[in-house]
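**Q** Spelled out, the chains give:
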Amino acid sequence: MLLMLLPSIPLLGAFTLLAVGDKDVNMPFVVSSITLALAGWGLRGVSRGERLTYTLPFSGPYVPTFQADVLSAVFVLLAAFLWWVVSIYTPEYMKKEGRANSFDISTLLTLSAVLGVFLAGDLFTMLLFFELMTISSFFWVIHRRNEEAIRAGYFYLFFSIFGGLLLALGIVFITTATNGLPALGTDPVPPLEPQIFAWGVAAIVTGFGIKAGMVPLHLWLPHAHSVSPTPASALLSGLLIKVGAYGLIRTGELTGWGLQWGNTVSWLGPALTVLGSCTMLVGVIAALLQSDAKRLLAYHSVSQMGYIILGLGVCLCLGNAGGLGLIGAIYHVINHALFKAALFLGVGVIYVHTGETNLYNLGGLLRSFPVTAVLVFLAVLGITGAPGLNGYASKTLLHHAVSAAAETGLPLMVWAERLFVLVGVGTATSFAKLYYLIFLGRPAKVKISGCESRLFHVSMVILAIVMVGIGLLPGLIPQALAVPAARTLGIKAFAATIGHLSFGNANDVVSALITLGLGAVACLVGLATGAFHWAPPSWLTLEGLGRIVCHSLTAVCHGGNESYQSLARLISRTGRAMRFRLLSAYRRMDDSTDGALGDITPPGISADAALLMATLAILISCYACLHLRLPSLRLPLSFPGWNIVEQMLN
Amino acid sequence: MIDLVLALLSGTVGGLLIALMPRCGSRLRNVVALSSSAAGAVFSWRVAGAVLAGRTIRVAGMNGGLPWSLHPDPLGAVFGLIVSTLWLFAAVYSFGYMAGEERQRTYYTYFLLAFSATLGVAFSGNLISLYLFYELLTLVTYPLVIHERTGEAMKAGAKYIIYSLSGAGAILIAIVITHSLTGNLDFAGGALLADVGLRTGLDWLLALFVAGFGVKAAVMPLHRWLPQAMVAPTPISALLHAVAVVYSGVYGILRVVYSVFGHELMGQLGSSHILPWVAAFTILAGVVIATQQDVLKRRLAYHTISQLSYILLGAFTLHPWGLAGAMLHMISYSTLKMTLFFGAGIIAKQTGKVKVSEMSGVGRQLPGTLTAFGIASLGMIGMMPLNTFWSKYYLMKGSVASGKSPLALVLIGSGIVNAFCFIPTVVTAFTGEMRQPVAEKRLEAGLMLVPTLLLAGIALLIGLWPGLVWPGVDAVVNRFF
Chain Z
1 MLLMLLPSIP LLGAFTLLAV GDKDVNMPFV VSSITLALAG WGLRGVSRGE
51 RLTYTLPFSG PYVPTFQADV LSAVFVLLAA FLWWVVSIYT PEYMKKEGRA
101 NSFDISTLLT LSAVLGVFLA GDLFTMLLFF ELMTISSFFW VIHRRNEEAI
151 RAGYFYLFFS IFGGLLLALG IVFITTATNG LPALGTDPVP PLEPQIFAWG
201 VAAIVTGFGI KAGMVPLHLW LPHAHSVSPT PASALLSGLL IKVGAYGLIR
251 TGELTGWGLQ WGNTVSWLGP ALTVLGSCTM LVGVIAALLQ SDAKRLLAYH
301 SVSQMGYIIL GLGVCLCLGN AGGLGLIGAI YHVINHALFK AALFLGVGVI
351 YVHTGETNLY NLGGLLRSFP VTAVLVFLAV LGITGAPGLN GYASKTLLHH
401 AVSAAAETGL PLMVWAERLF VLVGVGTATS FAKLYYLIFL GRPAKVKISG
451 CESRLFHVSM VILAIVMVGI GLLPGLIPQA LAVPAARTLG IKAFAATIGH
501 LSFGNANDVV SALITLGLGA VACLVGLATG AFHWAPPSWL TLEGLGRIVC
551 HSLTAVCHGG NESYQSLARL ISRTGRAMRF RLLSAYRRMD DSTDGALGDI
601 TPPGISADAA LLMATLAILI SCYACLHLRL PSLRLPLSFP GWNIVEQMLN
Chain D
1 MIDLVLALLS GTVGGLLIAL MPRCGSRLRN VVALSSSAAG AVFSWRVAGA
51 VLAGRTIRVA GMNGGLPWSL HPDPLGAVFG LIVSTLWLFA AVYSFGYMAG
101 EERQRTYYTY FLLAFSATLG VAFSGNLISL YLFYELLTLV TYPLVIHERT
151 GEAMKAGAKY IIYSLSGAGA ILIAIVITHS LTGNLDFAGG ALLADVGLRT
201 GLDWLLALFV AGFGVKAAVM PLHRWLPQAM VAPTPISALL HAVAVVYSGV
251 YGILRVVYSV FGHELMGQLG SSHILPWVAA FTILAGVVIA TQQDVLKRRL
301 AYHTISQLSY ILLGAFTLHP WGLAGAMLHM ISYSTLKMTL FFGAGIIAKQ
351 TGKVKVSEMS GVGRQLPGTL TAFGIASLGM IGMMPLNTFW SKYYLMKGSV
401 ASGKSPLALV LIGSGIVNAF CFIPTVVTAF TGEMRQPVAE KRLEAGLMLV
451 PTLLLAGIAL LIGLWPGLVW PGVDAVVNRF F
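Taken in sequence, the protein lines are chains Z and D. Residue numbers in the first sequence follow the working numbering, run continuously in steps of one, and reach 650 at the last position. Residue numbers in the second sequence follow the working numbering, run continuously in steps of one, and reach 481 at the last position.
Everything labelled a hint here was simulated from the structure, so no lab data went into it. Careful, some of the hints might be misleading.
Beta-carbon label-pair distances, calculated as ranges [as the list claims (entries may be wrong)]:
1) G467(D) <-> L18(Z): 27 to 33 Å
2) N63(D) <-> R579(Z): 36 to 42 Å
3) G560(Z) <-> K155(D): 26 to 32 Å
We put the beta carbon where it would ideally sit given N, CA and C, even for glycine.
Between the sequences and the hints, there should be enough to build the whole structure, so can you do that?
**A** Have a look at this one:
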């Protein structure tokens, strides 16, 4: 019952807002507080290995079920917490954007949808909330109602709808292959038809990959995340793309981590490793070239999702031996949500007071926004993986997993490990640039209006406290949540052998510091040489390629339509000409008094002959093809003359 | 048994009453129309309930050597349920839409006669009755198509009648051949041709049947009458040209496939490998052409052509899941398409805008209408909380299970094109600039809005709880497999 209640509370809140309109109550704050408290209380037993389930008493093909295991609990608590923090920030911020009421409604609906996805007990329920999430978050993206927002909104909506359809297709394949609907959070069922099952897994991975911003399906993400109001960007980057990661983890669970049933899904691990590496790399390279702060952060979301997908890929490749990858991925989901939300909120504060998100128009704001500067600095340290903060902890785990995989000698994994280090340097470079251009550097000529609101700081301080807390006690969350989650997900052997995770390793600390140093140096070099202003030619960027493909598709569609139209016109014209020919021939026969067929002209003769021959040809071919040997027709009708027809037919 | 007769008679009696009252007020006429559709609905619900519960309801006889029979089986019962329920909604909507229009008497007379004819198609128990009611339906809907009496309407009517009658001619030939092969045209037993077995020429018999019923089911290339018939008043476009008339064609094909040929014999015919692809082509081509249309009703018409072939696709998979998908789609698509048409009608009536390119900003004038329209367009994509998700799911499942997985991809592709077809309309209606603000501010007419919203609500309810309609679907599948 509780599981059903959790998504319903925000839904009720949204309907209340819809019905009564704007009141002075901060409804998202109230609702997310209740949800957070209820989730914390209700799911307390889950980390001990309990699995809560709830089934709605429906009949027919769809019986909605809800379940909560440790993984669900992690994501539910993270979502409720993040919504709670952001809802402190929102009212003050939305004074600048306007239309706060409709924003709150879509925020609440999205919370409901997100909780529903995490608590769903079967794939249908998951898809239900997944689609609800698409629709409700679409209103975030188009909140500003300007042309850019609407375009980004369409981009987002069409990609997401495609993702939803692919998920539906995947469910079709999987239910057909396993002859039943697999329940989430239970042991996987071996498929009866492995081939179809593999197709289903591919469709589902692609569907969730769209939501997770997996290259090359990430194109919508930078647009959508940068045009929506900042609290929405924080939640989109912090949590909504994690829904994709959650789905990928559940897919891994469905496939028994790829190794149990022979070769059917063994391609999944390498595929996710490659895709994760590409996502990391493409995201960070694109981020380096951005001049808009929110777009930069959005591309980093792509890049950081790459870390998570890579972790899953390692786990799927090596099974139990790669369990550290799964644990690192879950841990990184939590940490990325925290620091990315903090970064977006920080940039949002700057936007509220200066009206500017272009990095090159900002600078020297340390003096005006000292508190924000410190808080954003903590978040920057978090995302770049500086020791002592949360990002370091999860990145170290992931790095250990990838290094362990690289030691097996697979060339794929060796390259993934090298990329991992490179992307770390790129991230440091990019954030050194962000921080330098906003808070340091020479003072910009922007007008600063108003003074910093206390509520902005409260929400960011809460995030900072949690980040530092995790950084100081890096082993707490893995032991309490990530390892139990991995155990219930099916990585039992590994989770049992892991005694404690080491984070204070001298090697790791030194390499993290070297990465930071290299990043800072690269940033200075880049700023000095203007390398960050390089605009790649359009055929080199995925967006340019996508545009080319879209244009050519449109052209093909248009051409197809044109040729269809002209074909139809040709057919109808030919038909009309033949009909006219026929009619005029009959009319001439009527008109003639002496039996002659009017004027006999060579074209007329040939047209008549052609008509005649065409008719004959059709009749002959019909007869030849038909070969309908009619048996004796015996109709229950009797009218005079029928027997003559009957005899003729026989 | 008496229910069956009363269900058929109530529409006829109501229609004739209205025809015989030339000078009555519109209020009395509305009361008669509503009560006779309600009576028809109640009686056909009772019939359908009894049939789905497993009882036999049969009225049959001979007419000069010609056997006629009214004997609904689960397929007919489900069809009757859909039709009679939606007729009620369309009747209420008509009261709002037709208020102040000319020729109301003609409109309601034929509106109610068409009700009887459609129920007759649904409940007929052999091919001859089916054929008679099918022809009758063409004749009584013709006056509704030419309701406007403009040149365009007359042309559309002529096209409609020529297409339909030639289709019916093909069906008649096919029926004669079937009778000569089997000597029996009754649906009650197993498939008619099952005993005849595989023989040459059966493919052509099937082609005759499919071409004949395919005219009304708007299978490409026999679809060209449908977009033109959209000159009829919107309730007629919604009910007849998106549901009742075209469904009688679809229903005929379902009958032919499962009652005349039977899925076993069909599986052995060569055409069973071609027909799903004809349907798939119609699905894609219809919706792609729809995206190119600017007049909203024409767009909806081409979209209808595409969606009807979903049902045929499910039937042609010859798999229980596919048939279940076809039945679910018959139920779900009709609710959503009526919502779309009703929405288009309200927009046209209240703002005078009939083109998609003019719709910008309409949503702020008619929020309720456009909300219903938006829900229905999400449903047409096949998104989860709407009933069409389930039909699409079972259609895809049937395609995969019968070894025709590419058909599932066709359905996915059609879903995406559907998104391009309607979503931008809805979004610009809510967010776009109002180009020509309407001087006269009229409220959304309740009589039109309430059925629209109710239908969208029903679609959502079935989407969340498909178990509500599942017994009917299950009965149909069990009847034929």
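**Q** Identify every previously stated hint that the structure contradicts and give their numbers, smallest first.
**A** Structure breaks no hint.
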